[in-house]
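Undergrad: Sequence:
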Amino acid sequence: MDNYLQTNMPYVSIVIINARNIESLELCLKSVYKTQYPNYEVLVVDCQTPNIEELAMKYDFKLISFKNDVGPAKSHNIGFKNISIDSKYIVFLDNDVEVTPYWLKELVDIMENDKSIGVAQACIFQYKHPNKLDHSCLSIDLLGSWISTYGLEVNSIGNKTIEVFAASSAACITRRTVYKITGGFDDDYFIYDDDTDYSWRVRLMGYKVVLVRNAVVYHKSNIEKTINPFRVYHSTKNRLYTLFKNVGLRSLLVRGGIYLFLSLLAIPILAPLNVQLSISIIKAIYEFIKNLRRIIIKRAYIQSIRIIDDKVLSSKGFLRNSIKFTINELVQKYKYLRMKRDEL
Numbered sequence: 242m243d244n245y246l247q248t249n250m251p252y253v254s255i256v257i258i259n260a261r262n263i264e265s266l267e268l269c270l271k272s273v274y275k276t277q278y279p280n281y282e283v284l285v286v287d288c289q290t291p292n293i294e295e296l297a298m299k300y301d302f303k304l305i306s307f308k309n310d311v312g313p314a315k316s317h318n319i320g321f322k323n324i325s326i327d328s329k330y331i332v333f334l335d336n337d338v339e340v341t342p343y344w345l346k347e348l349v350d351i352m353e354n355d356k357s358i359g360v361a362q363a364c365i366f367q368y369k370h371p372n373k374l375d376h377s378c379l380s381i382d383l384l385g386s387w388i389s390t391y392g393l394e395v396n397s398i399g400n401k402t403i404e405v406f407a408a409s410s411a412a413c414i415t416r417r418t419v420y421k422i423t424g425g426f427d428d429d430y431f432i433y434d435d436d437t438d439y440s441w442r443v444r445l446m447g448y449k450v451v452l453v454r455n456a457v458v459y460h461k462s463n464i465e466k467t468i469n470p471f472r473v474y475h476s477t478k479n480r481l482y483t484l485f486k487n488v489g490l491r492s493l494l495v496r497g498g499i500y501l502f503l504s505l506l507a508i509p510i511l512a513p514l515n516v517q518l519s520i521s522i523i524k525a526i527y528e529f530i531k532n533l534r535r536i537i538i539k540r541a542y543i544q545s546i547r548i549i550d551d552k553v554l555s556s557k558g559f560l561r562n563s564i565k566f567t568i569n570e571l572v573q574k575y576k577y578l579r580m581k582r583d584e585l
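Using the numbering used here, the letters of the sequence shown correspond one by one to residues 242 to 585.
The hints are simulated quantities; they were obtained by calculation from the structure and are not laboratory data.
Each residue gets a CB set at the ideal place from its N, CA and C atoms; glycine is no exception.
Don't take every hint at face value.
Using C-beta positions, here's what the derived DEER-type ranges look like [unchecked claim]:
id, residue 1, residue 2, range
1, Arg261, Ile523, 27 to 35 Å
2, Lys524, Met298, 37 to 45 Å
3, Ile568, Lys271, 12 to 20 Å
4, Tyr274, Gln517, 19 to 27 Å
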């Protein structure tokens, strides 16, 4: 690109989150370095990957490496703390994502042309099924679960940028200024739901969250959401965190109360299927109660800076209030667990 573009296109920091997977990371890097955009840097926040220093020398990216597993949520924040002072935007990528040449230009263009956008997600396709969409959060149900784009055909969203409730951190861009004032990702989450929480706080500040159809990337992960004790623990804990911090007081009494009640109800129901799942829920609720003081402080800050009411988000269809829909989702998950148990 010519000198004019190099000096006039905003500088972008691409932060890739990696853990113990050098093969996927290298494939991701190969695609990233084919990006047709003049002003960007690449940072890799890594956990416990052998020989990654050699890869850093080969591709000349900035490496922030940890011997202990700090989790994706904290890794995003560590990456942010190490970006260039010149960066206007931060892009987060998972290590199992491969990008197309103009993905970054499309993301930057939409941010530059619409200052009301706080976060923009790339249009993520399934690597194994390239005509089908990966996850993006169109809206959430009463319990904070995503109503997702996963499995939809590409023509279902047309050829334009669409507004969504929350962006997947597998491939998204956000403004540096927005990241700072919201506080970024929440370290306490470790993994799961941290991107929902971040997008929710961005929305409360009055910004939009969008999916950019022409910013195409491909995600290799196994999309099936395996229900295991690790996932149940962090998902339960983090949903409690997310609801308690972000919803208004009236919504908190409804959504938080329903979620806590159903979580407690799930303990005896799940025990005959997998007692470890029940134990994970108990541990998650205990962790939430143990950290309640810190969560209250975070809630106070979020509620003090919010300018958007829950009613606005509900009126746009982002916060679903259907109890019937939510119960149907829970029944499907229960049937899935029974099926898995019967297969053993």
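Undergrad: Compare the structure with each hint and give your call.
TA: Results of checking the hints against the structure:
1. Arg261 x Ile523: 27 to 35 Å: holds, 29 Å
2. Lys524 x Met298: 37 to 45 Å: Holds - the Cβ-Cβ distance for Lys524 and Met298, about 42 Å, lies within 37 to 45 Å.
3. Ile568 x Lys271: 12 to 20 Å: violated, 45 Å
4. Tyr274 x Gln517: 19 to 27 Å: violated, 43 Å
Of the hints listed earlier, those the structure fails to meet are numbers 3 and 4, in rising order.
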